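Protein chains in written order, with numbering that gives the first Met the number 0: chain A, 0 to 400; chain B, 0 to 363.
For the record, the hints were derived by calculation from the structure and aren't laboratory data. Note that the structure is a prediction, hence the values are computed from the model and not measured. Glycine included, every Cβ here is placed at the ideal spot set by N, Cα and C.
Simulated restraints, written as ranges between beta carbons of each label pair:
{"#": "1", "chain 1": "A", "residue 1": "Asn-396", "chain 2": "B", "residue 2": "Gln-261", "range": "21 to 31 Å"}
{"#": "2", "chain 1": "B", "residue 1": "Gln-261", "chain 2": "A", "residue 2": "Ala-347", "range": "31 to 41 Å"}
{"#": "3", "chain 1": "A", "residue 1": "Asn-396", "chain 2": "B", "residue 2": "Trp-326", "range": "54 to 64 Å"}
{"#": "4", "chain 1": "B", "residue 1": "Arg-22", "chain 2": "A", "residue 2": "Gln-385", "range": "31 to 41 Å"}
{"#": "5", "chain 1": "A", "residue 1": "Ala-305", "chain 2": "B", "residue 2": "Ala-107", "range": "38 to 48 Å"}
{"#": "6", "chain 1": "B", "residue 1": "Ala-107", "chain 2": "A", "residue 2": "Arg-322", "range": "50 to 60 Å"}
{"#": "7", "chain 1": "B", "residue 1": "Gln-255", "chain 2": "A", "residue 2": "Pro-311", "range": "19 to 29 Å"}
{"#": "8", "chain 1": "B", "residue 1": "Val-324", "chain 2": "A", "residue 2": "Met-371", "range": "27 to 37 Å"}
{"#": "9", "chain 1": "A", "residue 1": "Asn-268", "chain 2": "B", "residue 2": "Gly-211", "range": "26 to 36 Å"}
Here are some chain B residues pointing at chain A (derived, C-beta under 7 Å):
{"#": "10", "residue": "Arg-244"}
{"#": "11", "residue": "Val-256"}
{"#": "12", "residue": "Ala-259"}
{"#": "13", "residue": "His-265"}
{"#": "14", "residue": "Gly-272"}
{"#": "15", "residue": "Glu-275"}
{"#": "16", "residue": "Leu-276"}
{"#": "17", "residue": "Asn-280"}
{"#": "18", "residue": "His-283"}
{"#": "19", "residue": "Ala-299"}
{"#": "20", "residue": "Val-355"}
{"#": "21", "residue": "Leu-358"}
Okay, derived cross-link-like pairs now, DMTMM-like style, lysine to aspartate or glutamate, Cα gap no bigger than 25 Å in a straight line:
{"#": "22", "chain 1": "A", "residue 1": "Lys-379", "chain 2": "B", "residue 2": "Glu-269"}
{"#": "23", "chain 1": "A", "residue 1": "Lys-263", "chain 2": "B", "residue 2": "Asp-292"}
{"#": "24", "chain 1": "A", "residue 1": "Lys-263", "chain 2": "B", "residue 2": "Glu-361"}
{"#": "25", "chain 1": "A", "residue 1": "Lys-263", "chain 2": "B", "residue 2": "Asp-291"}
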Amino acid sequence: MSDLEAYRARAAAWLETMVPEFGRDARRGLSEADDLACARRYQNAKYEAGFAGINWPVEFGGQGLGHLEKVTFDSEEMKHGFPSYYFGISLGMPVPILMQFGEDKAFVKERVLKALKGEEIWCQLFSEPAGGSDLAGLRTKAEPDGNGWKLNGQKVWTSWAQYSDFGVIVARTDPNVPKHKGLTYFWVDMKAPGVTVRPIKLAGGDSHVNEVFFDEVKIGDDHRMSPVGGGFAVAMATLMIERYVATDSGGFGPHLDLFVELAKAIEINGRPAIEDGRIRQQIARNYAMRSGLDAITARAMAMMQAGMTPGPEGSLNKLVSVRSRQKLSELAIDLQGSGGFAFDDHAAPKENWTASWINAPTGRIAGGADEMLLNTIAEKILGLPQDHRPDKGVPFNQIPA
Amino acid sequence: MSILYDEGQQAIATETRRVLEARIDKDALLPLLETTGAYHEGFWSMAKEQGWTALALPEDHGGLGLGLVELGLVAHQAGRTLSGAPFLTSGFGAAKAIELFGSDAQKARWLPGLASGETIGAIAFASGANALPARPDIGFDADRLDGRIGGVTAGSIADIAVVYAEGADGPVLVVAELANVGRGIVQGFDNSRCIADLHFEDTPAEALAVAGSARDAALHVLALQAVITAHEQTGGAEALMEVARDYAITRRAFGQVIGAFQSVKHRIAELYGLVELARANCIHAASREGEDDFITAAAAARLSATEAYDTAARDCIQIHGGIGVTWEIGLHLHMRRARSLAIEQGNSLFWEDIVVDGLTGEKA
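With the hints as extra help, turn the sequences into a complete structure.
In structure tokens:
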């Protein structure tokens, strides 16, 4: 057994012992407050067992292992329905950026430890009402105020802001220069006066994203994590932290086996749907797509193990898997006919076709809309030109509305 | 089997690409569309000289002892440049059937010629929409074949064929020389595939000794061929994606290169996705030979490669506009090849059923 396989086995065995207290069934029916409390206990258990901050430096409380161990653990963890998503953003982007760019090391270390133990949560304040994909078009202002700054403006789609203790934020410090050049990156105390968080109820009924308002929020210059006007580069670094993360070729929807089970259980014209050519075709096509994505991931892992850099094809995963999940979920509802009307708004998208279907549009937009991902493939991989951009090189305050 | 190519395998890909790009061009391939019974002799002599015919056959019968990964790499490059003959895959299928199920005498008799390329082999299994018919069209009785089978790739040229025939107790696999067999050449849309109807009449043939069911044996041969063809399809799709990209960054309209329009650039980005899924499935399938899930992996490779090649052919022509539909530019060579490869060795409907049977635990 390779070291990595031994690590996988150890992780899998430990995760198994966590199932009774934190797994899918243990969480069923919990209120969100109770679920979050459960999540904090689970995160602390991970920390105590040495499975938090797997690829983070030991000096910050991490395990000092590699990216492969991290991806290996995550792909095992995904199987059990543990409540890890409250910390997904926090530990995925803001806290690693804090480790990289935070100046006050003692402060950083304290924050990182609390985040790793699930005691504190960080959010990422990037998107705004006027721009999601067009990040550099943001309008929230940070103006000099004594020795520090004051923030005014609004962010939106901020995951878990309602439970966050801190956030990282990009704000405009100079409207007189082209849009990318007038931004600065800060951290902010989410409990500070003038910060208002309002959850947004999404189509599926849950509210993990928020609007966040900043009204004369004062922050010190020690909150600044980039040079003044150098915020866009740190924002990009935030988004590039982990190119190869644990993936799910099912697009974070149900496993294909569940569709096969459904097709075996349902009859069309007196015969099992699994014998119907239309259904069989969709199963086979989905299988081919998922096996291709799995093979891409396996190859990337093998390359990393061999000390090589994986190819750019890993960027296909979200684009391909989530929209396929969306269509397959529609078909699964269709297949049930008049039995398909029921909806449990607490059902998990990985286990329930209706929950998967109603939440699928979020997956195609959050973390890079399909269209942006296609642009990235076209421009960065294939060398096709950028779109026509009328705002290019124009000072932000002169961009036509 | 590793899913990362080693240095030797990468060298095979590089060298194959070099010789094919130097010696194959569309001007030699276009005339082959308008005649029947002809193939690109330069391609075939290259395949023999370079040892591609021997690549995946056993060393003790004149082969080089390599496998699906290496032959797949050659097929990928052949797909990029549009090979001018189908014998690499058809001969490989016939040779594998004999290697896996033949007697020592049969192996000694046929394999060296197939390995050197002096003998051209064909596979004759299908009956129309049925890649493996419940009751094959050709009858086998007292070591003689009788009957007609339609649409055999390489059929107009091949020296021998492995035939899926109806024996006394159901289907059997047999090998026959084709010297005295009636051949009706099919005038088709991709004539260098050398497709012919074969008419057996009291034709001598030898049964291969299949231990289990002949259907399983024939399916295994088809799956081996399908992995090679999937590589060829992926190569063709990859080449078309690059042609589309190159055109989109040079052709101008409305004051800019057309690749700056999202309707064009997204179409090409989608092709990239299809090509990479097909490539990943091909590499995976080639690494699974001999494993329980090989047939399903081969089917997945086949399905995604067919989709990639057909879509690339369609979209590459579309992106070119009017020039794309001309005879001279030759994009139709790929469009034709995409379809002929799609129906050789079982169409997509056949492989879809194989996948689902594999997933539901039905016998594939």
